[in-house]
Structure formats: C-alpha cells, structure tokens
Amino acid sequence: MTNEEIQGIFFLECEEALTAAEAGLAACREGRHDDDTVNGVFRAVHSIKGGAGAFCFTALQAFTHGFETTLSDVRDGILPIEDSLVDLLLRALDMLNDHFLAVRDGAPLPDDAALLAELAAVLVQAPDVAEETPAAPAAEPVVAEPVVAETPAAGDDLDFDLDSMLAGMALDDVDLEAAAAAPEAAQETVPGWTLLIRPLDAAMANGGEPILLLRELERLGGQCIHCDVQAVPHVDEIDTTESSLAWTFLFPEALDRKKVEEVFDFVGDDFQLSWDVPVPAGFSAEAASTIDVAETIETPAPAPVAEAAPVVAIAPVAEPVAEVKPTAAAPAPAPAPEPVVTPVPAAQAEPVAAQPAPAPAAAAEAATGDKGAAPAAATGASQSIRIDLFKLDRLIDTVGELVIAQAMMAQRLAWAGTAAVEELATLESLTRDIQESAMAIRAQPIGSVFSRVPRMLRELQTSTGKRVRLEMQGEATELDKTVIERLGEPLTHLIRNAVDHGLETPEERIAAGKPGEGVLTLSAEQRSGRILIKVSDDGKGIDRKRVLAKAVERGLVSPEAQMSDEDIDNLIFAPGFSTAATISNISGRGVGMDVVRQNVKDLGGRISIESHPGKGSCFTLALPLTLAISDGMIVSVGDQTLVVPLAHVVESLRPRPEEVASMGASRQMLNVRGKFIPILPLLENVGAIGAQTDPTEAVLVIVDTESAGQAALLVDNIRDQRQFVIKSLDTHYRPVNGVAGATILGDGRVALILDVDSLVADAVATRRLAA
Amino acid sequence: MHVVSLPEKCDRVAAHDLAQQLRPLIGQGDITIDGTAVRQVGQAMLQTLVSARLSAGHAEQKLSITASDQMRRICRMTALEQHIL
Numbered sequence: 001m002t003n004e005e006i007q008g009i010f011f012l013e014c015e016e017a018l019t020a021a022e023a024g025l026a027a028c029r030e031g032r033h034d035d036d037t038v039n040g041v042f043r044a045v046h047s048i049k050g051g052a053g054a055f056c057f058t059a060l061q062a063f064t065h066g067f068e069t070t071l072s073d074v075r076d077g078i079l080p081i082e083d084s085l086v087d088l089l090l091r092a093l094d095m096l097n098d099h100f101l102a103v104r105d106g107a108p109l110p111d112d113a114a115l116l117a118e119l120a121a122v123l124v125q126a127p128d129v130a131e132e133t134p135a136a137p138a139a140e141p142v143v144a145e146p147v148v149a150e151t152p153a154a155g156d157d158l159d160f161d162l163d164s165m166l167a168g169m170a171l172d173d174v175d176l177e178a179a180a181a182a183p184e185a186a187q188e189t190v191p192g193w194t195l196l197i198r199p200l201d202a203a204m205a206n207g208g209e210p211i212l213l214l215r216e217l218e219r220l221g222g223q224c225i226h227c228d229v230q231a232v233p234h235v236d237e238i239d240t241t242e243s244s245l246a247w248t249f250l251f252p253e254a255l256d257r258k259k260v261e262e263v264f265d266f267v268g269d270d271f272q273l274s275w276d277v278p279v280p281a282g283f284s285a286e287a288a289s290t291i292d293v294a295e296t297i298e299t300p301a302p303a304p305v306a307e308a309a310p311v312v313a314i315a316p317v318a319e320p321v322a323e324v325k326p327t328a329a330a331p332a333p334a335p336a337p338e339p340v341v342t343p344v345p346a347a348q349a350e351p352v353a354a355q356p357a358p359a360p361a362a363a364a365e366a367a368t369g370d371k372g373a374a375p376a377a378a379t380g381a382s383q384s385i386r387i388d389l390f391k392l393d394r395l396i397d398t399v400g401e402l403v404i405a406q407a408m409m410a411q412r413l414a415w416a417g418t419a420a421v422e423e424l425a426t427l428e429s430l431t432r433d434i435q436e437s438a439m440a441i442r443a444q445p446i447g448s449v450f451s452r453v454p455r456m457l458r459e460l461q462t463s464t465g466k467r468v469r470l471e472m473q474g475e476a477t478e479l480d481k482t483v484i485e486r487l488g489e490p491l492t493h494l495i496r497n498a499v500d501h502g503l504e505t506p507e508e509r510i511a512a513g514k515p516g517e518g519v520l521t522l523s524a525e526q527r528s529g530r531i532l533i534k535v536s537d538d539g540k541g542i543d544r545k546r547v548l549a550k551a552v553e554r555g556l557v558s559p560e561a562q563m564s565d566e567d568i569d570n571l572i573f574a575p576g577f578s579t580a581a582t583i584s585n586i587s588g589r590g591v592g593m594d595v596v597r598q599n600v601k602d603l604g605g606r607i608s609i610e611s612h613p614g615k616g617s618c619f620t621l622a623l624p625l626t627l628a629i630s631d632g633m634i635v636s637v638g639d640q641t642l643v644v645p646l647a648h649v650v651e652s653l654r655p656r657p658e659e660v661a662s663m664g665a666s667r668q669m670l671n672v673r674g675k676f677i678p679i680l681p682l683l684e685n686v687g688a689i690g691a692q693t694d695p696t697e698a699v700l701v702i703v704d705t706e707s708a709g710q711a712a713l714l715v716d717n718i719r720d721q722r723q724f725v726i727k728s729l730d731t732h733y734r735p736v737n738g739v740a741g742a743t744i745l746g747d748g749r750v751a752l753i754l755d756v757d758s759l760v761a762d763a764v765a766t767r768r769l770a771a
Numbered sequence: 001m002h003v004v005s006l007p008e009k010c011d012r013v014a015a016h017d018l019a020q021q022l023r024p025l026i027g028q029g030d031i032t033i034d035g036t037a038v039r040q041v042g043q044a045m046l047q048t049l050v051s052a053r054l055s056a057g058h059a060e061q062k063l064s065i066t067a068s069d070q071m072r073r074i075c076r077m078t079a080l081e082q083h084i085l
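Chains as they are written, first to last, in this note's numbering: chain A, 1 to 771; chain H, 1 to 85.
Chain A extracted, bound-state conformation (with noise of 0.2 Å):
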C-alpha cells in the first residue's frame, strides 16, 4: 500500500471521526454527556491527532493536542460540562474540520491562535486544578494526568510512523524531551500491571517503527523492565525486516488501561500485546519502585516557579488524608494516598490535576470493562471493510446487466412456452436478492449529511442574530451513495432559505407569541420505495401575497392569473425568484430555489411545500432510493413500449363510459370515487402509432406526482411489471422533457422510462393554458 493509500485511509478515518465527535458534542449540549459519549468524542479527536501525528501534518495535530488536552479534563470530569464549554468544544470541532479541510483539500490554513487561547484559559480556570488532593477517596495510588505542552513536540504522540518519517525526526530527541516534559515520566513508577508488547513482522514491514510507540508507553507512566532477546538469531541470519524482539513493560495500578490501548489504536494487528503477564525473572518490586527514571533520562530537575501549576504525583503512601470528600462513586471510603506536590515549570507545562482512582470495585469493573471492550473492538474492525468504489459501482453494473438478462431470458422462455418453470423464478427472486444486498453496499444512512447541518447553523446563526433548535428524525435512513452526495446542495440551500426567510428573529417570535428560539426539523424516512426527506421549521410561514406581488412584478405570471396557495408557494423555484430585500451571503439572489428543484430532479426526485402563514413551512424532497435500478410497470401505447416508474403508480383500471367526462374538445376528466383527474394520452408525448385513443377501451394508469397532483394515463394495455436498470438518456443522447431514462426489455428492444412527474406537470399546465 502506497503512503497515498494510506493517506486516503486517514482522510475517510478523520471524517468519520469528525462526524462521530459531531454526533457526540450534540449530545452532551442536550444534556445526554455519559463516559461513553465524552470518551467517543475524545477518541475521535486523539484518533485524527495520531494520523495528524503520522504523516506530519503538523497545524492539524497541533490544534487537535490542544482540543484533545480539554476534552482529557472533560472526560476526567476536571471540567464541568456546562453550556459554554460545550459551545467552545462544538466550535474548536468546526476549527478542527477547517484544520482537516486544509491538509485534504488544500484549504487556506484556518487561524486556530485565539481558539487554541481560549481552550487553554477554560484548563487555567478548572475548579480542581489548585486542589492538591483527590478529589474522591481512594484506595489505589493515584497518577497524574499528562502533563501537556502548549505545543507537542516535533513527532509528539505518534501513533505510528513510516519508515520515511525516520528521516525527519530525531528520535532520540524526541523520546527524551518528551520524556523530559513529561512528568509522569520523572516520577517513580511502583509496581503495577504489566504488558508484553511483541512487534510482529508486519510492523516492521509496514514501515512502523515500534520504538516510538514505546517512547509513548513510556510517557504515560510505563516502565521497560525487559526485553526478550531469545528470538534474535545470529547475524548470519538476522533479516531486518523481521521482528525478534519483545518489550515487557510495568504501568501504575491505577494507569487507566484504555490510554495505553490508545497508543496502539493505529498499529491494528501488528503488534502482539498480552496483558498482565508475569514479571521477568530477576526483576524485583523494589527495584522498579527505586529506579530513578529522571535520572536515568538525564532530565534536568526544574527550578520550583512560584506560580507553578502544581501536579499531583503517584504516592505510594496509603494513608487517609483529612481534606479528602467521599463521593457516591466510591462504595466505600477507603484510605487515600497522600499525594506529593511536585512543582513544574509553567513555561512547561499547563496545569492538570490527579485523576481520581476508581475504587477497588469500580476499578475492577473499569478493567473488565475495558477487556471485554478490547475484543468487541476487534471483532467490529474485522466485520467491516473498505472497498474501491470504483469495484463496487463496476458491481452494480454487473448486477444491473444480470438483471437485464435475467429478463431476456424469461422472455425468451415465455416465448417457447416455458415461462412457468419453478428455476425461473428461483432464479428471478435470487437476481433481486442479489441486486438488493448490491444496492445496500452503496447505501449509506443520511445522518452523514444531516451531521454537517449543526455547524452550518451555528454560523447562521452567528450571521442572523437568530436562535435555532436543531431537531433530527431518521439519522439511520439510508439511501445510495451518490443520492446521499448529490443531496448536500439542495439541503444545504432549503436550511439557509430556512433560517433567512423562514424563521423570525427573536424579537419577532417573541412578539408573534412564540419561543424565541426558532425549531429547525430535519426528518428522513423510507415510504413506497422512496425516501422522503423533510425541511420544516415554525417560523412565519411563505408571504404569499407578497410571492405573488413579487412574480407580477418580476413577469412571471400575469396580474390576472387565478393561482392557489400551491402554485404560489410554488413560484419560489422560478429561477431567478428571490423577495429577499438585500442580498446577503446566506440567501437572497433567487438561485438557491432554483438550483433546488434542478438538483432534485436530476435525482429522480420531487421537492414540494407546504406552508401555514404564521406556523411555519415544510419542504418535502421524494427521492428514488437509488438511481440504478428501480421497479416499473411496461405499458404499451401504439408501436411503443413504455415504463412508468412504480413509485408514480396507484392504481389501474379500465374505467366505464360513465366515469370519463368530456371538458371541452379534446380534454377527459376520469371520475374515480368522485373525485376528477385529467386523462393524458401518452400517445402525443411519444409520438406513437396506433395508439388507442379511447379510454374506455384502453388502460387508465393513475399516477400520484409531487407538484401536480394525480392524474390518469392513458395505456393500451400493460404488459409486466418488472425491474429495469435505468440508463442515462442525457449521458448517451440528451435530456428530454417527460423522459426520465431509457431501459433494455428482456426481448432486447429499448424502451423509455417516464418522469411521471414532468410529464403530467407539463401536461396540466398546458392544459390550463389552452383552457
């Protein structure tokens, strides 16, 4: 795998950590900040930082270290999640996007200096930063908090490294000065838990280097008390591409597990880690508790600043300290060490304060925890991988001519007169089921592009002045890929209008007898093969007198037109339509509307409105749930064979002479249960020959569509009801109005796929305009 490769990979990691850390921050500002949530954002951000780390992306990582360094004392409950801080963390994640923006795409490298600011000020004034003690009882010796530097050090915290990196980076340097900063680093280590850490081949022939990942090891607490040289064969022998040797290394009891796993987060399955093995032979307690690491780094011992920030170190002095609260958390209340004050130059380091130490119990429930989570974690890596998407629509496409064949050779059977076979529809039901799991690899749940939506708000309203609430339903709905990408602009267009034109400021809301705060709903769901995707909010509802003044003035209808409430709602998706007074930067050219439907349309969609003066609109997007294959009914019309989608169809009949009407010379109206819909010949659209003319002689089609209601078309005959691939008319000919694509029928000839909805809208206002 090429470094490019690589690469690729962390991009597609760093935007799914993004939209993880997104979901999270949401959350916690609902007030649902569990471990689970606070940890998940965290590990999303140190996950980025590591990659960052890696392939030396140094502003991306710098940032990320110190976000990461804030959410370390929100997960430590050092911080207190409150509303401002989940405001700060929601925008240093919108930072962190920009920051990810510019190392993937070449974006302007974001100015993170008052942010980074601002994160470091909410640490200095952490409520338990002074406190020297605890703040909870507890049993076990506790260990501090890394201590973090402004700014890591060059090759800080990588999670792994290319052998390419080693070029650019003094490792000796950079393992002591890490160290050096590190206080964990300078303090004794007493005897604790241990892990055998065993460099597989693969991390050597990946370009890894597992020095650095000890260094880490090394500066969260641990301890190499040996190394296993047994396997190092003879330099007759000795291949540096292989890996011979083996690392024990001693953490403090009360290191939290899951900060070592983390260090291996980005090595997979390159490295054999076996958890709490014995103490080599030869090495005593004492001598670990009496290795002076400082020494042993040659740390310079810094010079006491009176202003220091003070650290809270491993004591193993277990004796009951006064000051100490007990806490529910705690079962019991058991003696706590006594912690020693080691002062720290501040130039060095920001203050952190001791994290607490589970109890007895608790602390044996984390371990559990955390064993039981390891093999979870590495059973979900392993259900999962990463395709070329360029292999999977080649997929598709295959599947696509195997359900085109699979038709030809059903007709081909209907023709010899064996179409009833029990293979033939063993076969048809395992050519949908093949074509359905196809299609579900593309589909992606649409919460990736509901999550780009709260950032977009908050800069909205940051520019508005508005308050929004951000309501999500359906996060899980998924939909094709290429659906889900080309959906971005056209939802991305109905939340700006939205908060623009549709939501009121506060003062106006308050005024108009609502909450101050606006809603913004976005929903998805899945119906009649279709997804409905929803935009509604409970501002003021479309002006629709002031729409209509707008298009006379504008030309667009004539001052005498007879409208209704749906035309003129309606008129907004004219190009050019806009009753914004000014233009700003959010909405008012009258192209966002416009380019709406347009996009909409180009996914075999529909877009349509309702809207209550005063309570608010709602924009419905009906989109196909994949734009390869779909369902469709074959219907004849003269010489030609046509298919209508199945998501237009509901119902089809062969209507009596009392249920159709004449209106007019040319025009039939089709009574179904009292209600009249338009009767459309298909034979003018398609120019066909022979076609049958009257309606009680032919098949009448009903079909519902988004903007003009149902209507009924008028058909010889229909001849199945099948899946057909759909390909692209604009891609091999041209776009045609009324056509939507073209298809091949299992008796090889090509036929037209309908836009039902174009059609008839075309249709009725033709219709209108004759009348």
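Note that these hints are calculated values from the structure, not bench results. Virtual Cβ for every residue (Gly too), placed ideally from N, Cα, C. Any given hint could be a false lead.
[Unchecked claim] A few chain H residues that don't get close to chain A, going by computed Cβ distances all over 12 Å:
1. V3
2. D17
3. D30
[Stated by the list, open to error] With a straight-line Cα cutoff of 20 Å, these simulated SDA-like cross-link-like pairs (lysine to any residue) come out:
4. K9/H - D239/A
5. K675/A - V686/A
6. K601/A - D569/A
7. K62/H - E659/A
8. K675/A - A761/A
9. K62/H - P233/A
10. K9/H - T241/A
11. K481/A - D569/A
12. K675/A - G664/A
13. K259/A - P233/A
14. K727/A - P233/A
Chain A is already provided as a structure; the job is to place chain H on it using the hints.
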C-alpha cells in the same frame, strides 16, 4: 581489530548494512562498533546489535560497542543496555 562505524541515523537500511559488514567479521578477531555518532536508533538496528553481541559471544570473540549519549539512552529506555553495551 575491525572497526565498524554506525551512521547518525540507524534505521533499517543502516541495520542491514551493519549486518552485511559484520557477517564476514564474526570469528575473525576483535570487533569494535563505533556508535558515537548515532543520533537515531530504530528497532532493526537494536536487534542487529543484540545479534552482533550474541554472535560474537558464541564465537568467543571480543566485541566492543561504544555509544553516543543518545544511543545509550535508547538502550536504557528499551531495557537493552545489558544486551548491547
């Protein structure tokens, strides 16, 4: 006496070179590995040095390794000081 000098950057390539240089020297008299210029050490070099020490021991051959401060520190950090220095 044979003297082999280590480069500043003791990465995998340097480890491979060292192994190549050492092979004909095992059993052929005293060897000195000069690591006084070393600033960076990776695992490949560490295990090659351990291998050199073991191989020389089996051949009852004297092997001296002089280390820079940086190299010495890495050896200590990895608990390899007694196996290499």
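Verification of the hints:
{"no.": "1", "hint": "V3", "verdict": "holds (16 Å)"}
{"no.": "2", "hint": "D17", "verdict": "violated (9 Å)"}
{"no.": "3", "hint": "D30", "verdict": "holds (15 Å)"}
{"no.": "4", "hint": "K9/H - D239/A", "verdict": "holds (18 Å)"}
{"no.": "5", "hint": "K675/A - V686/A", "verdict": "violated (27 Å)"}
{"no.": "6", "hint": "K601/A - D569/A", "verdict": "holds (18 Å)"}
{"no.": "7", "hint": "K62/H - E659/A", "verdict": "violated (110 Å)"}
{"no.": "8", "hint": "K675/A - A761/A", "verdict": "holds (18 Å)"}
{"no.": "9", "hint": "K62/H - P233/A", "verdict": "holds (18 Å)"}
{"no.": "10", "hint": "K9/H - T241/A", "verdict": "holds (17 Å)"}
{"no.": "11", "hint": "K481/A - D569/A", "verdict": "violated (31 Å)"}
{"no.": "12", "hint": "K675/A - G664/A", "verdict": "holds (19 Å)"}
{"no.": "13", "hint": "K259/A - P233/A", "verdict": "violated (33 Å)"}
{"no.": "14", "hint": "K727/A - P233/A", "verdict": "violated (62 Å)"}
In terms of the numbered hints stated before, the structure departs from hints 2, 5, 7, 11, 13 and 14, listed from lowest to highest.
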